[in-house]
Amino acid sequence: MADRVTGPIDPESGAEPPPTSWLDERTGSRGIYEAIFLRNIPKVNWLFTLGSATLFVVVNQFITGILLTVYYVPSVQDAYDTVTYIDSSLPFGWLVRGLHHWGSTALVVLVILHMLRIIFHGAYKYPREVTWLTGVVLLLLTFAFGFTGYLLPWDQKAYWATTVGTRILDVVPFFGDWLLRVARGGEELSAVTLSRFFGIHVWILPALMLLLLTVHLFLVVRIGISAPPKRND
Amino acid sequence: MSDSVSRRKFLSRATLAVGGVILAGWAIPAIAYVLGPARASERLREWRPLGSPAKVDVGTPTLFKTRIERTSGWVTQEDEVSLYVFTEDGQNFTGLSNICTHLGCRVRWVGDEETFFCPCHNATFAKDGRVTSGPPPRPLDTFDVKVEDGQLFVNVEV
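As you go down the protein sequences, you meet chains B and S in turn. Counting with the numbering used here, you get residues 1 to 233 for the letters of the first sequence. Counting with the numbering used here, you get residues 1 to 158 for the letters of the second sequence.
Don't take every hint at face value.
Have a look at the derived ranges for each label pair, beta carbon to beta carbon [what the hints assert, rightly or not]:
#1 S:V75 x B:H101: 48 to 56 angstroms
#2 S:V158 x B:S29: 54 to 62 angstroms
#3 B:G28 x S:A14: 22 to 30 angstroms
#4 B:H101 x S:A14: 47 to 55 angstroms
#5 S:C105 x B:L179: 57 to 65 angstroms
#6 B:A191 x S:A14: 31 to 39 angstroms
#7 S:T76 x B:Q156: 47 to 55 angstroms
#8 S:E69 x B:L139: 44 to 52 angstroms
#9 B:T105 x S:L23: 51 to 59 angstroms
#10 S:A17 x B:L55: 37 to 45 angstroms
#11 B:G146 x S:A14: 51 to 59 angstroms
#12 S:C120 x B:S190: 45 to 53 angstroms
Listed below are the simulated SDA-like cross-link pairs for lysine to any residue, each with C-alpha atoms no more than 20 angstroms apart in a straight line [to be verified]:
#13 B:K43 x S:R7
#14 S:K9 x B:G98
#15 B:K157 x B:W203
#16 B:K43 x S:R8
#17 B:K43 x S:G20
What the hints contain is simulated information worked out from the structure, not anything from laboratory work. Model, not experiment: these values are computed from the prediction. Just so it is clear, CB atoms sit at the ideal spot from N, CA and C, and this is done for glycine as well.
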């Protein structure tokens, strides 16, 4: 790597500032870039890209999800009609919804594969326990995303899948009945359920996911990734 | 530094190029998707039946009403279109909107005075829609009206 000037330019030497120096001088952007993209990693294989693949799909879910809320209306009168409108009347609406729909399935598959890779390589061990624990919560968040998002099209499949899915809570001993009412926002699936699921899906879960994802990724960069285990490890 | 592109440089450029393509793959549909409803779409026109032409008294504008469905986005609502149809010879028909061109009040035909009268600002229009007094800036809007198979039809925007 070529030598580069860091910090303020020395007026006596009159050194030419490097091309990125203006921003770097004010933000330390060069250092951040190097820490993230030019860090040393052990010799790894393609299985180590599962985390990046997961991140890519998460980004896709955020982008397409935000776009869907531009037209989607979470009310029992409008939900189904707005989804149909997005699908059939808007330019690329089918693509935006399709990316979000299939992205959610891909995300569930990818996070599980990513987790299996970590388990089989023992990568959750010291000093990466916190990374692992945030990952476990991120896995649960992904499932919560999938479950709440499934109701939003408000078609027959959505309605009955959520009816059955929430009823699972009913078998919890002692306070299962209460949990069921909390999940549905009442005795039956209703406008309240739809509105709550929407709020959870687009505000609460994304906020939690952004927070945990930041910690998760910070730790990956900070601690570095583990090498695949050797035969006698 | 050698002239040939190093492996590192090639890979970083390839990554940037692929990343750019993916970014465009999100950005271009996203812009079209958000701007989509702003496109000036051609409004469809349709011939709607009004009933028998015999209902129109020769020389007297007669009020007709028809209901049409208008769709904006995912909401469809029924609107009522009303118009005066008038003929001098029982053959050629003219359709006139009953909406005053001043502020949109409904005008009505006053037979005794042979005039359309708007109660909001006392404007009057002649039988052919010309402004005869009051503040309206232009004549009453017209509709295309035709007779086909013994039925009266009006051409409306839907």
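Evaluation of the provided hints:
Between S:V75 and B:H101 the CB atoms are about 24 angstroms apart, so this pair departs from the stated range of 48 to 56 angstroms. S:V158 and B:S29 have their C-beta atoms about 56 angstroms apart, which keeps the hinted 54 to 62 angstroms range intact. Take B:G28 and S:A14: their Cβ atoms lie about 28 angstroms apart, and the range 22 to 30 angstroms holds. With their beta carbons about 30 angstroms apart, B:H101 and S:A14 fall outside the hinted range of 47 to 55 angstroms.
Taking the beta carbon of each, S:C105 and B:L179 are about 59 angstroms apart, inside 57 to 65 angstroms as hinted. Separated by about 50 angstroms at the C-beta atoms, B:A191 and S:A14 break the suggested range of 31 to 39 angstroms. In this structure the supplied range 47 to 55 angstroms is violated for S:T76 paired with B:Q156, their Cβ-Cβ distance being about 22 angstroms. At roughly 48 angstroms, the beta carbons of S:E69 and B:L139 sit within the given window of 44 to 52 angstroms.
One distance hint, 51 to 59 angstroms for the beta-carbon pair B:T105 and S:L23, is violated here, with the actual separation near 23 angstroms. Between S:A17 and B:L55 the CB atoms are about 20 angstroms apart, so this pair departs from the stated range of 37 to 45 angstroms. Judged by the Cβ atoms, the range 51 to 59 angstroms given for B:G146 and S:A14 is violated: they are separated by roughly 33 angstroms. As the Cβ distance of S:C120 to B:S190 is approximately 46 angstroms, the hint placing it in 45 to 53 angstroms holds.
For the given pair, B:K43 sits about 17 angstroms from S:R7 by alpha-carbon distance, which is consistent with the 20 angstroms threshold. Of the supplied pair hints, the one linking S:K9 and B:G98 is violated, its CA atoms being roughly 35 angstroms apart against a limit of 20 angstroms. A C-alpha spacing of about 24 angstroms is found between B:K157 and B:W203, which places the hinted pair above 20 angstroms, so the restraint is violated. Proximity of B:K43 to S:R8 is assessed by CA-CA distance (about 16 angstroms); at most 20 angstroms being required, the pair is judged to hold.
A hinted pair counts as satisfied when its Cα atoms are at most 20 angstroms apart, and B:K43 with S:G20 does not qualify at roughly 27 angstroms.
The structure shown violates the earlier hints numbered 1, 4, 6, 7, 9, 10, 11, 14, 15 and 17.
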